[in-house]
Amino acid sequence: MSNSFVKQVDNPVLEIHDLTVSYDKKPVLWGIDLSIPAGSICGIIGPNGAGKSTLIKAIMDLVDMNSGYVKLFDQTLDEVRKRVSYVPQRESVDWDFPASVLDVVLMGRYANLGLFKNPRKADKEAAMKALEMVGMDKYSKRQISQLSGGQQQRVFLARALTQNADIYFLDEPFAGVDAATEKAIFKILQNLSKEGKTIIVVHHDLQSVETYFEWVILLNLRLVASGPTPEVFTPSLLEETYGGKLTLLTEVGELVQQGEFKAREKQ
Amino acid sequence: MDAFWIILTGSLVAVSCAILGSFLILRKMSMVGDAISHSVLPGIVIAFFIAGSMQSIWMLVGAGILGILTTFLIEFFHQKGRLQTDASIGVTFTWLFALGVILVTYYAGNAHIDQDCILHGEIAYVPIDLIYDSNGNAIGPKAVIILSFVLGLILLFVVLFYKELFITTFDASFAKVVGISTNKWHYALMGLVSLTTVASFESVGAILVVALLIAPAAAAYLITNQLKVMLLLSSAFGILSAFFGYWLSYLVDGSIAGAMVTVAGIIFAICYFIVRFKK
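As you go down the protein sequences, you meet chains A and B in turn.
In this text, residue positions in the first sequence follow my numbering: the first is 1411, and each later residue adds one.
In this text, residue positions in the second sequence follow my numbering: the first is 1259, and each later residue adds one.
For reference, chain A alone in the conformation it holds in the complex (with noise of 0.2 Å):
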C-alpha cells in the first residue's frame, strides 16, 4: 500500500470526486478525490507533469473529464460562475497583444455585464481599486507590451480582484516574478483568506510551501495527499510525490534536512 493521507472535510467550498482526465487515452489525472476547506490557502505542489494545471482546469471546465465531478460552494460551475475567480499562467497569452492595462483589468468585469453593455464608470473605478492594490495604479495606461513579467502578473491578478469572487484559483502566480512581486501577491492573497474568501494556487517553489499555505494538496498523477501543511508537508509524503525525480530528490533532502534542524523561519 503506497503511502497517502487525504483529509476530507465537512462544508468544503471545493468538493472534488473521483475525477479523471487524459490526453490522448493517457491518464494526466487518476481518481483525484478531495476537500477544501473555506478561508484557507491551499497550494497544489507536485513536479512537472504532474498535472497541477490540468487539476485547476478541470475544475474550470477548460479541459474535459473522462470521469468525476466537482462541486464548487457544493454546486455546479456553471451556477457558481459569479463566485469563481481564475487567474490563468502568464505566458497563456499573448502579451505583445493592442491592448491597454486598464483593457485587460476590465475584462474581469465582463462577466457581470452581458451582452450589448459597455463598461461604465463604477466598472472603471472597480479596474482602478484593483490595479491599486497591486500597486499598479499608475500603469493604467500603458501598453502591455511593455510590462515586465512581475507587472504582468500583477496585472491578471487586478483582473481577478475585479471580479469580487469568493474562490480564487492562481495558476503559477510567482513563476518567473520578482521578489518584490512575490510578496505582494502573497500580501494579497493572505487579506482575501482574511475575508474568508478561499485561495487556491499551483505553486512550484517547495522552499516556501510553508510559510505560504495553510493546506496543501500534493499531486502526481495521483492525489498523494491533502490537508493541513504540518500533517502533509512531510519528509515521506514529498518523497511519495517527488518519488523517482532525481534532481527534485535533492531538494527534497534539503528540505528533509531543514525540518530536522527548524532553519526556516515563519514570516
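Treat the hints with care, since some could be wrong.
[What the hints assert, rightly or not] When the alpha-carbon atoms are kept at most 25 Å apart in a straight line, the in silico PhoX-like pairs for lysine-lysine are as follows:
1. A/K1527 to B/K1338
2. B/K1442 to B/K1400
3. A/K1548 to B/K1486
4. B/K1486 to A/K1481
[Stated by the list, open to error] Here are some of the chain A residues that sit facing chain B, going by a computed Cβ distance under 8 Å:
5. F1415
6. M1517
7. Y1520
I should point out that these hints are in silico values taken from the structure, not numbers from a laboratory.
All C-beta atoms in this analysis are idealised placements derived from N, C-alpha and C, irrespective of residue type, glycine included.
Given the coordinates of chain A, work out where chain B should sit on it, guided by the hints.
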C-alpha cells in the same frame, strides 16, 4: 463614374476585410482566412445550381455554410485528430477546394460560372452589373449594394460585440471561465469571413481577398498597440489601397484588383520600415 464605382467597390471589400483580418491576425488565424476563401468554392457552386442563378443571396448562404464547415473541420482535425493547426488547415481547404473545382468543371459551359471568375474576379465589370428599382432607374451596381450590406453587418457585429470579441481573442480560457462562449464567437467571426469572401470574390477574386484580409491589418498591427486604432488604421489602409490601386492600374493598364493588392503590400512595407527605423 465607372472609376468611382470601382474604387467604392474596392474600398468596401478592403474595409470589410481589414476589420475581420485584424481579428484573424490577433487570433493567429491568418491562414484560416486563406482556407475559407478557397473552400467556399463548392458552397458557391452548389448554391448556384440549387438556386439556378447567380442569385447572390443563395451564394452567400452556401458559402457561409461552407465557411463554417471549414472552420469546424480545421478545429476538429486539430483537437480530436491531434494534427497541428497548419496541417489541419492544409488538408481541409485544399480538399474542399478540389471538390469545388470538380463541381465547376463538371458543370462547365452550363452557366457563367467558372474557376477564373471565382479565383480572379473582375472588378472592372462591377459598374456594368446594375440593380434597377421598379421604375427601371438604376440604383447602383449590384456588387456595391451587396458589399455595403456585408460591411454594415460586420460593423454592427464588431460595434455590438466588441467586448466579447476582445476578451475571446486576448484570453480564451479566462473568457470561458467568466461564462463567455469562445466557440460561439469563433464561429460567428468565421461565418462573417466566409460572407465577406463570397461577396468579394466576383470583384477581386478568392485569392486577392486573402491579401486584403491580411496585409492592411498586418500593417496596422505593426504601428499601433491599441485594438480600436488598429481597426481604424487597417480600414484606412484598405481604402488607400483601393484608391491608389485603381490609379496604379490606370497607369500601367493592368489588373485593377492586382494593383490594389500591390498597393496594400507597399503600405505594409512602408509601415515595416517606419517601425524598423524608429527603433
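Status of the hints after comparison with the structure:
For the given pair, A/K1527 sits about 35 Å from B/K1338 by alpha-carbon distance, which is inconsistent with the 25 Å threshold. With a C-alpha separation of about 31 Å, the suggested pair B/K1442 and B/K1400 falls outside the 25 Å cut-off, and the hint is violated. Proximity of A/K1548 to B/K1486 is assessed by CA-CA distance (about 22 Å); at most 25 Å being required, the pair is judged to hold. A threshold of 25 Å between alpha carbons decides the hint, and for B/K1486 with A/K1481 the separation of about 40 Å lies outside it, so the pair is violated.
Evaluation of the A/F1415 hint against chain B yields a violated restraint, the C-beta minimum of about 30 Å exceeding 8 Å. Using the Cβ-Cβ criterion of 8 Å, the hint placing A/M1517 at the interface with chain B is satisfied: the shortest such distance is roughly 5 Å. Because the closest C-beta pair between A/Y1520 and chain B is about 6 Å apart, less than 8 Å, the hint holds.
The structure fails hints 1, 2, 4, 5 (numbered hints given earlier, in ascending order).
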